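Taken in sequence, the protein lines are chains A and B. The numbers in the first sequence follow this note's numbering, run straight up by one, and end at 247. The numbers in the second sequence follow this note's numbering, run straight up by one, and end at 561.
Everything labelled a hint here was simulated from the structure, so no lab data went into it. If you're wondering where the values come from, they're calculated on a predicted model, not measured in any experiment. Take these hints with a grain of salt, some might be off.
Below, a list of computed lysine to aspartate or glutamate pairs in the EDC-like style, where the Cα atoms sit at most 20 Å apart [stated by the list, open to error]:
| id | chain 1 | residue 1 | chain 2 | residue 2 |
| --- | --- | --- | --- | --- |
| 1 | B | K409 | A | E86 |
| 2 | B | K113 | B | D102 |
| 3 | B | K420 | A | E69 |
| 4 | B | K147 | B | E63 |
| 5 | B | K487 | A | D83 |
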Amino acid sequence: MIELSRVSKSYAKSGVKAVNDADVTVKNGEIFGFLGPNGAGKTTTIKLMTGVLKPDSGTVSIDGIDMAERALDAKRRFGYVTDNPELFARLKASEYLNFVADVYGVDTADRRERVERYASLFEIKDVLNASIGSYSHGMKQKLLVTASLVHDPDNWILDEPMVGLDPRSSFNLKELMRERAAAGKTVFFSTHVMEVAERLCDRLSIINKGAILFTGTLAELKTRGGSDSSLEKLFLELVDDKEEAKA
Amino acid sequence: MKVYFSLAALYIRSFYNLPGKRAPGAKLDGKKIGKLVGMTVLVLFLLANLGVMFVGLNLGLYESLASVGMQGMLLLNAVVMATVMTLIIGFLTSLSTYYLNDMELQLLAMPIKPRALFAAKFTAVYVSEAIFSLFFILSAMVIFGIKEQPHPLMYLWGTLAAFLVPIPALAACYFVQVPLLSVARFLKNRQTILLVGGVLGLAMGLGFNLYYQTMFSRLATDPAWIAQNMAGPESLVAQAGRAWPPAYLAWKAMSQPASAQAALSLLGMAAFCLSFLAAAVLVLSGAYAKSLVGFNEVRLRRLGARTGEYLDRNLRRGHAFGTLVLREVRMMNREPMYLLNGPFIIVLMPVIFGIMLAAQKDAFLSDPDMAGLLALLQSGGGAVIAGLAGAFLGSGTSITCTAVSRDAKALPYIKSLPIKAGRYFLAKLAHGLIFGVFGAVAGVGLLTWALGLGASDAAAGLAMALGLSALVNMAGLWLDTANPRLKWDNPMAALKQNPNSVIMILGTMGLIGGAGYLAFSQGLSSWQAAAWFGLVPGVAFAALLAAFPAYAERRLAAMEV
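Using the sequences and the hints, build the whole thing.
Written out as structure tokens, the structure is:
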């Protein structure tokens, strides 16, 4: 379970309030979508969730473990796919997977089995000897997904995971998300792609300019919007309404 | 032409990392002013260094030539050397900037004529060549001018010649590179090019060092040899000068500056040099543009049937701290520019020293002024010299003082992992210390061999080298943790354009110079020096180390990337 309670964050240098009083709770066994336009605060929220950034106020907890109090314990309980796959370009893919597995203390047999499974699923198994710098964007994304699951975490946090993936890998990733949720694990992901969120999410949040505008199921969003429109239309109406209200 | 000028300006800003135009109303803050002042001081320092080297070389050469009445050859030698140097440096610069990044492909997709593209690239490379050529010829002109009082027009002809000299040299570089890169697929990789360029540059730099050291040692012992073999009428340089029309014409103009023939010679030189530029632009532009295609292609070698075996062999559990240290080492040593400008110094500096020693040992030992120093070295000062050399090598890798900056892109991900901040930073320190020990051992070992020191002096020197280099590496990491460069597009910016590495290099020189001064002025014995400059820095290192993890944790939490 992932819980953000009244979390706010302003960047020290720019002073911009990137997240304002955000409340998000992702339950076990749930696929949770995090939607918002560019610059809305999605990645900042995820960075707060994963302990990359410290909130100015509010609390973040993973499986009930407070990130501020016991950061290392909290971090052991999730796998994270960042929005920037340009990591460790000089390492070989196998070296990178070993690095991540060593950090999480995964034994040889488990890491071998998990790497075999996910690298096969995403069709990168026979290029794990190559340097990450020689990978395409999509391949780097697949490697990040594989690495994020090497310790079989209970919580899976993915920032724009579909970007750069081919249709088959995108399908496999969605299946994997469903499989983990069905096993009682938590899946939290951000996306711009409304169709993906519409088909995949049990619940979702919409964020704009640092503020959470809506949290609930798609049906609840439709009821609130008073129409049976697509998520894309409801999303645009919600974001535009708030902007007009502010103007 | 407008496109050409825009492109040339873009390339020049990009090559030389020049700041863009300031926005109207934007003010310079204290940090920017400090940076500007620091950079200006650094450039002046560099120019002064080169000036001392070139002026010293030309002065010695002038005196050697004047002793046999051939001082006029000095100017020919300068033009030929400028031609050769711009050919060598131009080859390396044009190769390393042949394909900058994927921006080049975007330019190909725009309605830009290949001629404008190639000419703009040529111009950007030419700028540094022209400055170098001017510097080389100017230093010879100044020596010649002071000694011989020629007509002032010599300076005008010499300056114009300096600007013309690099053009055919650079054109020749492209006449080799464009066809080569059009056919050689393995070279169409920016990393390969940087590596090849780096190795060639090192080889050429060492070659120049050998030439320079040989000249200097001969200047002291055998000026007649210099006159005959290095710059005399029958020397290779003079023969090359007479055979290469621009060099001969430039020499003619500078030798008879007030005559009408001087202007005609310069006109002839300009026509000759510019014809190379025209030929390069006309003949090579299309091929150059075509050769840029395919630079960003990568080929993956698939494991195929060997996949299972590979995974069995390579996916094994390791120690968490060891894996952090290994990541640091691999990330630095596999980036060619990081390796060449960082840990490789441990190899490079002893090679340079070896060349100096080989070229100058006889002159050094036979110089009566050196007798006192030699006696001092043999009476215990050798341990200090060896210790300081080892400390310099062990501190000069720029590993720790750029460690956080180099990792800027990975910081958000690292911070999401369950790694203690202290452990993450200590892995960086361990990386620096490993190479610090290599450097200390290499430096002390080399000096022990060169000065014929005994085991006791070598051990005292090693204690100094280890203590001082450990302290410098710790201080470097502290500095880069306090003030890392976290925003950059080019990895080089994290190392070569990082003020922390400059601060640490200058600081190390100050520390080592100060330690040497104290050791010699106080007449410390080798073991006293080891105690003061090995044990004391060791204790300071331990104190800083004890306080570091808590500080590093606070700093890492505050880094918002």
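Against the structure, the hints come out as follows:
1. K409/B x E86/A: Judged against 20 Å, a Cα distance of about 8 Å means the pair holds.
2. K113/B x D102/B: Given that 20 Å is the threshold and the Cα spacing comes to 18 Å, the pair holds.
3. K420/B x E69/A: OK: K420/B and E69/A at ~13 Å, within 20 Å.
4. K147/B x E63/B: Measuring from Cα to Cα gives roughly 10 Å; hence the hint holds.
5. K487/B x D83/A: Holds: K487/B and D83/A sit about 17 Å apart, inside 20 Å.
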